[in-house]
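Asks: Below are the chains, spelled out letter by letter.
Protein chains: 2
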Amino acid sequence: MAENYQEMWTSLGLNLEAHQGLLAVLGDAYQSIYLSQKNRPKGMEYFDFVISEVHGLRIVELLNHKKAGKLIVGTFCVYVPEELILAVDGVSIGLCAGADVGSEEAEKYVPRNTCALIKGFMGFKLAGLCPYVESADLIIGETTCDGKKKAYEIFDEITKKVYVMELPNKKSEKGRLLWVDEIRKLGQKLSEMTGKKITLDNLRQAAEKVNAKRRALQRLSALRAHDPAPISGLDALLVNQISFYDDPVRFTTKLNELCDELEERVNSGNGVAPKGTTRLLVSGSPMAVPNWKLHSIIESSGAVVVGEEACVGERNFGNLLDDFSSPDEAMEKMADRSMGINCACFTPNDERFDDIRNLSSRLYAQGVVHYALQFCTPYMIEAYRAKTAVEAAGMPFLRIETDYSLEDAGQLKTRVEAFVEMIRDGKRS
Amino acid sequence: MAENYQEMWTSLGLNLEAHQGLLAVLGDAYQSIYLSQKNRPKGMEYFDFVISEVHGLRIVELLNHKKAGKLIVGTFCVYVPEELILAVDGVSIGLCAGADVGSEEAEKYVPRNTCALIKGFMGFKLAGLCPYVESADLIIGETTCDGKKKAYEIFDEITKKVYVMELPNKKSEKGRLLWVDEIRKLGQKLSEMTGKKITLDNLRQAAEKVNAKRRALQRLSALRAHDPAPISGLDALLVNQISFYDDPVRFTTKLNELCDELEERVNSGNGVAPKGTTRLLVSGSPMAVPNWKLHSIIESSGAVVVGEEACVGERNFGNLLDDFSSPDEAMEKMADRSMGINCACFTPNDERFDDIRNLSSRLYAQGVVHYALQFCTPYMIEAYRAKTAVEAAGMPFLRIETDYSLEDAGQLKTRVEAFVEMIRDGKRS
Numbered sequence: 141m142a143e144n145y146q147e148m149w150t151s152l153g154l155n156l157e158a159h160q161g162l163l164a165v166l167g168d169a170y171q172s173i174y175l176s177q178k179n180r181p182k183g184m185e186y187f188d189f190v191i192s193e194v195h196g197l198r199i200v201e202l203l204n205h206k207k208a209g210k211l212i213v214g215t216f217c218v219y220v221p222e223e224l225i226l227a228v229d230g231v232s233i234g235l236c237a238g239a240d241v242g243s244e245e246a247e248k249y250v251p252r253n254t255c256a257l258i259k260g261f262m263g264f265k266l267a268g269l270c271p272y273v274e275s276a277d278l279i280i281g282e283t284t285c286d287g288k289k290k291a292y293e294i295f296d297e298i299t300k301k302v303y304v305m306e307l308p309n310k311k312s313e314k315g316r317l318l319w320v321d322e323i324r325k326l327g328q329k330l331s332e333m334t335g336k337k338i339t340l341d342n343l344r345q346a347a348e349k350v351n352a353k354r355r356a357l358q359r360l361s362a363l364r365a366h367d368p369a370p371i372s373g374l375d376a377l378l379v380n381q382i383s384f385y386d387d388p389v390r391f392t393t394k395l396n397e398l399c400d401e402l403e404e405r406v407n408s409g410n411g412v413a414p415k416g417t418t419r420l421l422v423s424g425s426p427m428a429v430p431n432w433k434l435h436s437i438i439e440s441s442g443a444v445v446v447g448e449e450a451c452v453g454e455r456n457f458g459n460l461l462d463d464f465s466s467p468d469e470a471m472e473k474m475a476d477r478s479m480g481i482n483c484a485c486f487t488p489n490d491e492r493f494d495d496i497r498n499l500s501s502r503l504y505a506q507g508v509v510h511y512a513l514q515f516c517t518p519y520m521i522e523a524y525r526a527k528t529a530v531e532a533a534g535m536p537f538l539r540i541e542t543d544y545s546l547e548d549a550g551q552l553k554t555r556v557e558a559f560v561e562m563i564r565d566g567k568r569s
Numbered sequence: 141m142a143e144n145y146q147e148m149w150t151s152l153g154l155n156l157e158a159h160q161g162l163l164a165v166l167g168d169a170y171q172s173i174y175l176s177q178k179n180r181p182k183g184m185e186y187f188d189f190v191i192s193e194v195h196g197l198r199i200v201e202l203l204n205h206k207k208a209g210k211l212i213v214g215t216f217c218v219y220v221p222e223e224l225i226l227a228v229d230g231v232s233i234g235l236c237a238g239a240d241v242g243s244e245e246a247e248k249y250v251p252r253n254t255c256a257l258i259k260g261f262m263g264f265k266l267a268g269l270c271p272y273v274e275s276a277d278l279i280i281g282e283t284t285c286d287g288k289k290k291a292y293e294i295f296d297e298i299t300k301k302v303y304v305m306e307l308p309n310k311k312s313e314k315g316r317l318l319w320v321d322e323i324r325k326l327g328q329k330l331s332e333m334t335g336k337k338i339t340l341d342n343l344r345q346a347a348e349k350v351n352a353k354r355r356a357l358q359r360l361s362a363l364r365a366h367d368p369a370p371i372s373g374l375d376a377l378l379v380n381q382i383s384f385y386d387d388p389v390r391f392t393t394k395l396n397e398l399c400d401e402l403e404e405r406v407n408s409g410n411g412v413a414p415k416g417t418t419r420l421l422v423s424g425s426p427m428a429v430p431n432w433k434l435h436s437i438i439e440s441s442g443a444v445v446v447g448e449e450a451c452v453g454e455r456n457f458g459n460l461l462d463d464f465s466s467p468d469e470a471m472e473k474m475a476d477r478s479m480g481i482n483c484a485c486f487t488p489n490d491e492r493f494d495d496i497r498n499l500s501s502r503l504y505a506q507g508v509v510h511y512a513l514q515f516c517t518p519y520m521i522e523a524y525r526a527k528t529a530v531e532a533a534g535m536p537f538l539r540i541e542t543d544y545s546l547e548d549a550g551q552l553k554t555r556v557e558a559f560v561e562m563i564r565d566g567k568r569s
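Chains A and B supply the protein sequences, listed in that same order.
If you use this note's numbering, the first sequence corresponds to residues 141 to 569, in order.
If you use this note's numbering, the second sequence corresponds to residues 141 to 569, in order.
Calculated directly from the structure, the hints in this document are not laboratory data.
Note that the structure is a prediction, hence the values are computed from the model and not measured.
Backbone N, C-alpha and C fix where the C-beta goes; we use that ideal spot for every residue, glycine too.
The reader is advised that the hints may include incorrect statements.
Computed Cβ-Cβ distance ranges for the label pairs, DEER-style [as the list claims (entries may be wrong)]:
1. B/D468 x A/D494: 32 to 40 angstroms
2. B/D468 x A/Y504: 52 to 60 angstroms
3. A/K206 x B/G534: 48 to 56 angstroms
4. A/K329 x B/R252: 36 to 44 angstroms
5. B/G550 x A/E247: 21 to 29 angstroms
6. B/S545 x A/G550: 25 to 33 angstroms
7. A/Q171 x B/R252: 35 to 43 angstroms
8. B/K178 x A/A532: 57 to 65 angstroms
To list a few chain A residues with every Cβ distance to chain B over 10 angstroms, as calculated [stated by the list, open to error]:
9. A164
10. F189
11. T254
12. L307
13. R359
14. R390
15. S466
16. D494
17. I521
18. E541
Just chain A, with the same shape it has in the complex (with noise of 0.2 angstroms):
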């Protein structure tokens, strides 16, 4: 990211040395995570190229749709209904929450035990490192976990933009009518924000949009099916984490002309590893840009990611919007979507190890990992049931948590070693 942007940065009021210094240790990451594959598909081209921009370029755009008068909306969970911000204009954007910056401001205001993703936004927004939540008109929250929960209530004190949307624990139905009127507040404060009302009209051309996004996200999943499998899991999580701040028809075409090129070779039976290597799915906690720890250290053991369970992954595109002929109908089904996505955050949350499993059988997955943010209580404790009920499927299971720091990274590579090892002599027996 070059000069250029330094007015825009010193504009939004970040810390630009701090933000010079992230750079760098953002593209260094990049070069030996990303750009050091070998026969990455050439579609992955613009993928890089919006990594590249991801605090430039990307950036001028959303500035630019403000001045228009767009609403910029920054959210944090998959349960935040796209479609509605679309239905008003605005423009729906990830914030950052995935690096291990500004811990030191962060734990100034939140325990130092608090998982390492609420951390990072704290963190990203107290050491001036976030240029989307400076961007951002409003910042949705919800009531996913004590953590985001509770800190929200902070983050807002800082930020003066947080909005927070109650999400129930269980999914009955007297949650879903809760959920039901939450989806309806949101859009009449989005409404009253832009001035614009949500009609059937407006809604349909956003479910469209955010739907093609998801079938392109569907496709690249089902092709990732296959072996050798033609794209890797550091590069399909990449798109997948891309889905959240690109903008979205942009991202579709992209990335469907990526699948057209991923159907070639599966056609040709061109992978990105051999033919036989061992496929795992990994499942649990969100990983935000540049959470790339599991994922390379899977696939630098002789390993393939060949699915996420997890919201930046399946959870996020798994399930479209159904059709509705009234905008109040669209509420209701937006909330039937969201129910059927099953987060550990609800009680009881069987259907995930459904999820797990179908998802393995689908992906031809032969092991599943674990992954729990440290301090992330609703994974963690889930993962329990989870291990009992994917074990008595035959599947193999391994546990980590683990948070950005790089320093146990040594010992969960011999933990990854020794399971993918376990499962390939499984194989031969």
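Since the structure of chain A is provided, determine the placement of chain B on it from the hints.
Replies: For chain B alone, kept in the frame of chain A given last:
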């Protein structure tokens, strides 16, 4: 507790040897923390007796109730309406959760960095040390924090007795309706299990008993406003802890007798510490029996605890159940009562800061000690805004995070002593 309970404990499936060890440790702790206190009210003898028989005589009573066909219901939270349990002639009891036992067993199911209270209830059960959980026919959980919400799923696998109520995340009208419905459903569940219909009459009788208990606890709270304090914080905490286990009618009688005595003390200026002793309010996470750690540290540091803004404390008895004229209205009133209890599980929860300030003022507290169990995310994070709010009101604030172990007792004592000294010096200046 004597030999003659061995048979009962065996029949409940307790681990006799470990249980004997636990009772010995508890007895020693009680001796050194409680019985060593100077000038205790004579009325505390009853509560000393209750504690000495907490795994003995009280369990005999429960088993007799059980034989008589009464439902024994274990609970963990003040949001569970005791009135409903009493209305079906059931017995409501708190479950063991206040000591660090069975941690090794518990950590096979829940992560090491789970709060001590949750590891406590898992550990007590798994190590065969809780006669309450064994006596219970039903255990009612609630979705007040991620840790409990997710651990209950596992606890149900282990005990097959768990029923979870969904508390909303916000104090909104829609959230209230969800909770009213949860209370109704619990009523149905209790009716089904007992074959007893919930009527206006039995609800009124139940409400009278529980409100009388709450009034007695309010009376105790009000008496602690006097200087010199007529009762130690340790003893008042014990009374509050016992309110969750004891027969409610007998408890109320005995507590009112204690309060009569405390009134005499107030009239004659007789206290447990000299007039002018530094007065502190404790606020935060619940303290289950035998968690006496913080009070013990504070009261051996030259201060007296005059109140608990906590679930084992004001949140349990601060609000009475309003009168009602139909079972339906009773459910609504129970929900209204609940929604007035300001637990950190709600977002936002600013009313709690008002509670802390009002309580401090009513009890003439000179400082607030904020207590969060390690890994109790809601209270740990809310501590930041509590501190801001309390300090803005000109009140000193000390933030403590700890667990049940005594490893940090020395360090905590140093911090508490410094806090007490600071307040004392401030008073002089």
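Asks: Hint by hint, say whether it matches the structure.
Replies: Evaluation of the provided hints:
The supplied range of 32 to 40 angstroms is met by B/D468 and A/D494, whose beta-carbon atoms lie about 38 angstroms from each other. The given range of 52 to 60 angstroms is respected by B/D468 and A/Y504, whose C-beta atoms sit roughly 55 angstroms from each other. Separated by about 42 angstroms at the C-beta atoms, A/K206 and B/G534 break the suggested range of 48 to 56 angstroms. A C-beta distance of roughly 41 angstroms is found between A/K329 and B/R252, which places it inside the suggested range of 36 to 44 angstroms.
For the hinted restraint 21 to 29 angstroms between B/G550 and A/E247, the CB-CB distance of approximately 24 angstroms keeps it satisfied. Range check, B/S545 to A/G550: about 30 angstroms between beta-carbon atoms, so the 25 to 33 angstroms window is met. Between A/Q171 and B/R252 the C-beta distance comes to about 37 angstroms, which sits within the given range of 35 to 43 angstroms. The given range of 57 to 65 angstroms is respected by B/K178 and A/A532, whose C-beta atoms sit roughly 59 angstroms from each other.
Against chain B, the non-interface label of A/A164 holds: every CB pair exceeds 10 angstroms, the least being about 32 angstroms. Every CB of chain B is more than 10 angstroms from the CB of A/F189 (nearest about 38 angstroms), matching its label as outside the interface. Its closest Cβ contact with chain B, about 7 angstroms, brings A/T254 to no more than 10 angstroms, contrary to its assignment away from the interface. For A/L307, the requirement that its beta carbon stay farther than 10 angstroms from each beta carbon of chain B is not met, with the minimum near 7 angstroms.
Distance check for A/R359 against chain B: the nearest CB is about 34 angstroms away, which clears 10 angstroms, and the non-interface claim stands. Residue-level check passed: A/R390 sits 36 angstroms from the nearest beta carbon of chain B, beyond 10 angstroms. With 10 angstroms as the threshold on Cβ separation, the claim that A/S466 sits away from chain B holds: the shortest Cβ distance comes to roughly 21 angstroms. Chain B leaves A/D494 outside its interface by the beta-carbon criterion, the shortest separation being 15 angstroms against a cut-off of 10 angstroms.
A/I521, annotated as away from the interface, has a beta carbon of chain B within 10 angstroms; the closest lies near 4 angstroms. Against the 10 angstroms criterion, A/E541 falls within the reach of chain B, whose nearest CB is about 7 angstroms from its own CB.
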